[in-house]
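Enquirer: One letter stands for each residue in the lines below.
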Amino acid sequence: MALPTYTSWNYRIWHYTYLTICGLVFFFLIAPLFVILPLSFNAEQYIHFSKGMIALDPDAFSLRWYEDMIYGTKNPWGLATKNSLIIAFFATIGSTVLGTVAALGLSSRHMPYKAAFMALLISPMIVPLIISGTAIFFFMAKVGLAATHTGIILSHIILGTPFVVITVTATLTGFDHSVTRAASSLGSNPVNTFMKITLPLILPGVISGALFAFVTSFDEVVVVLFLAGLENTTIPIQMWVGLREQLSPTIMAVATCLIIMSTLILVSAELLRRRSERLRGINR
Amino acid sequence: MSTEKILSSDGIPLEISLKKAERKNKLKALMLVGPLFLFLIITYIFPIGDMLFRSVDDRMITQKLPNTFAALEKWDGKELPDEATYEAFYKDFYPLAISKEAGKLYQRLNYEKSGFSSGLKKTNRTIKKFEKANYKEQFMATHKIWKDVDYWIALKNTAPNWSYAKYLKGLDLKFDQDRNIIQQDEDRRVHKILWLRTIKVAFWVTVFCFLLAYPISHLLATLPMKYSNLLMICVLLPFWTSLLVRTSSWMVLLQQQGPINDLIVWLGWAADDNRPELMYNVVGTFVAMTQILLPFMVLPLYSVMKTISPSLMRAGKSLGGTPFTAFRQIYFPLTIPGIGAGCLLVFILAIGYYITPALVGGASGSLISNTIAYHMKSSLDWSFAAALGTMLLVGVLTIYWIYNKLVGIDNIKLG
Chain A
1 MALPTYTSWN YRIWHYTYLT ICGLVFFFLI APLFVILPLS FNAEQYIHFS
51 KGMIALDPDA FSLRWYEDMI YGTKNPWGLA TKNSLIIAFF ATIGSTVLGT
101 VAALGLSSRH MPYKAAFMAL LISPMIVPLI ISGTAIFFFM AKVGLAATHT
151 GIILSHIILG TPFVVITVTA TLTGFDHSVT RAASSLGSNP VNTFMKITLP
201 LILPGVISGA LFAFVTSFDE VVVVLFLAGL ENTTIPIQMW VGLREQLSPT
251 IMAVATCLII MSTLILVSAE LLRRRSERLR GINR
Chain B
1 MSTEKILSSD GIPLEISLKK AERKNKLKAL MLVGPLFLFL IITYIFPIGD
51 MLFRSVDDRM ITQKLPNTFA ALEKWDGKEL PDEATYEAFY KDFYPLAISK
101 EAGKLYQRLN YEKSGFSSGL KKTNRTIKKF EKANYKEQFM ATHKIWKDVD
151 YWIALKNTAP NWSYAKYLKG LDLKFDQDRN IIQQDEDRRV HKILWLRTIK
201 VAFWVTVFCF LLAYPISHLL ATLPMKYSNL LMICVLLPFW TSLLVRTSSW
251 MVLLQQQGPI NDLIVWLGWA ADDNRPELMY NVVGTFVAMT QILLPFMVLP
301 LYSVMKTISP SLMRAGKSLG GTPFTAFRQI YFPLTIPGIG AGCLLVFILA
351 IGYYITPALV GGASGSLISN TIAYHMKSSL DWSFAAALGT MLLVGVLTIY
401 WIYNKLVGID NIKLG
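So the sequences go chain by chain: A and B.
Using this note's numbering, the first residue of the first sequence is number 1, and each one after it goes up by one.
Using this note's numbering, the first residue of the second sequence is number 1, and each one after it goes up by one.
What the hints contain is simulated information worked out from the structure, not anything from laboratory work.
The beta carbon of each residue, even a glycine, is placed where N, CA and C say it ideally should be.
Do not rely on the hints blindly, as some may be mistaken.
Partial chain B-side listing against chain A, Cβ under 10 Å, derived [claimed, not checked]:
id, residue
1, Lys24
2, Ala71
3, Met232
4, Pro238
5, Ile336
6, Leu345
7, Leu392
8, Trp401
List of simulated lysine-lysine pairs, DSSO-like, C-alpha gap at most 27 Å [as the list claims (entries may be wrong)]:
id, chain 1, residue 1, chain 2, residue 2
9, B, Lys147, A, Lys142
10, A, Lys196, B, Lys26
11, B, Lys174, B, Lys156
12, B, Lys121, B, Lys169
13, B, Lys19, B, Lys5
14, A, Lys142, B, Lys377
15, B, Lys28, A, Lys196
16, B, Lys20, A, Lys114
17, B, Lys147, B, Lys104
18, B, Lys74, B, Lys132
19, B, Lys104, A, Lys142
20, B, Lys147, B, Lys121
21, B, Lys122, B, Lys104
22, B, Lys64, B, Lys78
23, B, Lys74, B, Lys174
24, A, Lys114, B, Lys24
25, B, Lys156, B, Lys144
26, A, Lys114, B, Lys28
27, B, Lys377, A, Lys82
28, A, Lys142, B, Lys74
29, B, Lys136, B, Lys122
30, A, Lys114, B, Lys26
31, B, Lys19, A, Lys114
32, B, Lys156, B, Lys100
33, A, Lys114, B, Lys156
34, B, Lys156, B, Lys113
35, B, Lys24, A, Lys196
DEER-style ranges, computed between Cβ atoms [as the list claims (entries may be wrong)]:
id, chain 1, residue 1, chain 2, residue 2, range
36, A, Thr150, B, Asp76, 53 to 59 Å
37, B, Pro66, A, Thr150, 37 to 43 Å
38, A, Gln246, B, Leu38, 42 to 48 Å
39, A, Met261, B, Asn229, 20 to 26 Å
40, A, Leu56, B, Leu38, 18 to 24 Å
Model the full structure from these sequences, guided by the hints.
Expert: The following block contains the structure:
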């Protein structure tokens, strides 16, 4: 940002200090993530920058920890990845369907006690995970679903729906209801109207809600910690166990993969948000 | 003037058919919300209620020792109970000892008065050899707790089905023998410190987040789109990245041989053999939690600042205000809704944080959530975990309520 020529020196100094502060804060936000990348290619067994790495010696870098992650004999990452994907997949479908349908109701003009319902439906996002985890664990143990995939999927649906409800209701504000009325006046039944008119229009919001639900389930560790048995271990659980014992380079390799995944999710979420704004005719 | 009612095409008064249509629409909306509502009631709200119930439920002893409590009802608590009471206890305890079901009883009664556990264990071993008469004498010969009136009083005190003793324990209070509420013994007062620390950490993390988030949100809101989109990634990437990944990056950075310590040594602020402990204490918790929760402060602030027109500041300056006055009197008051939203959100999230304090906090940086997890997974005192959870829940719901009043739940924005 170039300053106009008439600005005073005082203001200039203040302005550049401000930019420096902002730069430092952005650095504080993003730099920790990039510490992990080089360390995952470390040829040594320790988690610190060796002299070779700083000198950019090619011998100091290797892919051995990625090999260990994939082929390591005792490594649980294969099972954990499979479980994480299965659980996140079903939890995403469950939260997206339940959340979208509920958001349609909540956005209706005729919905009674809207605020109260909204507060209740969003509560799993606000209540600390440790409390949700405790309560859900007692419940799942009572109905015999502790240490099962079903139990974990159900609890992730609980935790994921608030995100879907929020994103879809946000998409539905400013939704032009005359198009659905037009459809029904032309003889379309409500399901058909939803599938052919409403859903395509709100789809970006639904998908970004689904992404939130997916990430929530894929990252969730507290509830799974209470619920999971050995069979249901997930990636976050394995990371948690690994981090409690010691920092290993294999964990850095896994973390790198997760960072790449979240970058992809971030990009798709951003693209969806823009598409949604365009579809709804919001210009910024 | 005709008082005739307006009729719709099928002959029904319009008012009625409108109401009918309205009701139908209402029902339709409710039916859409219904599935999720029912699902949450069954799998979430009901379990939380169950947790509340569990925290005050104290029926276990009364159910295991029905005869004893029936006999104790008439006892005045002054001298040792009579032979009949001892016999009643024998009748209750003998089957428990045979079927090895007395374990929970030891734990619960020992919490009431220490010494119970060893006394009951000894009794458990000898009770099988008891003769079928003179119970009082045989009990008193087995262990000294049966000669002590205090233990009988403690036992009688557990008679009520509901007890809020776990809540008292969570506040470092307890009942004395006469059911007065007194302070916990000095060396056992740990929970008050934990509550205060949790609030302190949540408060300071909120303050740090605010101080760091305000300038960058302002920059993001005022920069032209093409730059701000790029910088927004710096905020959103951590937001979308797994919590465990971010925590592990802090573990790498803060460890004794880590880059930050390397830098401190290189700058000469500390000797190489005397590197400061940055992790496994409250410092680690502060730093890591601030970075992890920062996006939750930036996003609400940004969305408010985006709506403030830059011409307002220009107007303020053109009317003779210094940039600082213009900021203080115009810009800052307009951002207060965003500040409120961000601060409450970060505070709510921070007060229940578990993973990060558990990994980088060590003993001095652990919070109330960690204690709840400890009682859930290690000490298995589930009713105490439920009581602590309920207390935390009440706190969070109060803030949630304030948040709802001030900001409105429907104004939460994600990304």
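Enquirer: Against each hint, give a clear statement of whether it holds in the structure.
Expert: Verification of the supplied hints:
no., hint, result
1, Lys24, "holds, 9 Å"
2, Ala71, "violated, 34 Å"
3, Met232, "holds, 8 Å"
4, Pro238, "holds, 6 Å"
5, Ile336, "violated, 21 Å"
6, Leu345, "holds, 9 Å"
7, Leu392, "holds, 6 Å"
8, Trp401, "holds, 9 Å"
9, Lys147(B) x Lys142(A), "violated, 41 Å"
10, Lys196(A) x Lys26(B), "holds, 23 Å"
11, Lys174(B) x Lys156(B), "holds, 16 Å"
12, Lys121(B) x Lys169(B), "holds, 25 Å"
13, Lys19(B) x Lys5(B), "holds, 15 Å"
14, Lys142(A) x Lys377(B), "holds, 17 Å"
15, Lys28(B) x Lys196(A), "holds, 19 Å"
16, Lys20(B) x Lys114(A), "holds, 20 Å"
17, Lys147(B) x Lys104(B), "holds, 23 Å"
18, Lys74(B) x Lys132(B), "holds, 24 Å"
19, Lys104(B) x Lys142(A), "holds, 19 Å"
20, Lys147(B) x Lys121(B), "holds, 16 Å"
21, Lys122(B) x Lys104(B), "holds, 15 Å"
22, Lys64(B) x Lys78(B), "holds, 24 Å"
23, Lys74(B) x Lys174(B), "holds, 26 Å"
24, Lys114(A) x Lys24(B), "holds, 17 Å"
25, Lys156(B) x Lys144(B), "holds, 18 Å"
26, Lys114(A) x Lys28(B), "holds, 14 Å"
27, Lys377(B) x Lys82(A), "holds, 26 Å"
28, Lys142(A) x Lys74(B), "violated, 37 Å"
29, Lys136(B) x Lys122(B), "holds, 15 Å"
30, Lys114(A) x Lys26(B), "holds, 11 Å"
31, Lys19(B) x Lys114(A), "holds, 19 Å"
32, Lys156(B) x Lys100(B), "holds, 23 Å"
33, Lys114(A) x Lys156(B), "violated, 50 Å"
34, Lys156(B) x Lys113(B), "holds, 12 Å"
35, Lys24(B) x Lys196(A), "holds, 23 Å"
36, Thr150(A) x Asp76(B): 53 to 59 Å, "holds, 55 Å"
37, Pro66(B) x Thr150(A): 37 to 43 Å, "holds, 38 Å"
38, Gln246(A) x Leu38(B): 42 to 48 Å, "holds, 46 Å"
39, Met261(A) x Asn229(B): 20 to 26 Å, "holds, 21 Å"
40, Leu56(A) x Leu38(B): 18 to 24 Å, "violated, 60 Å"
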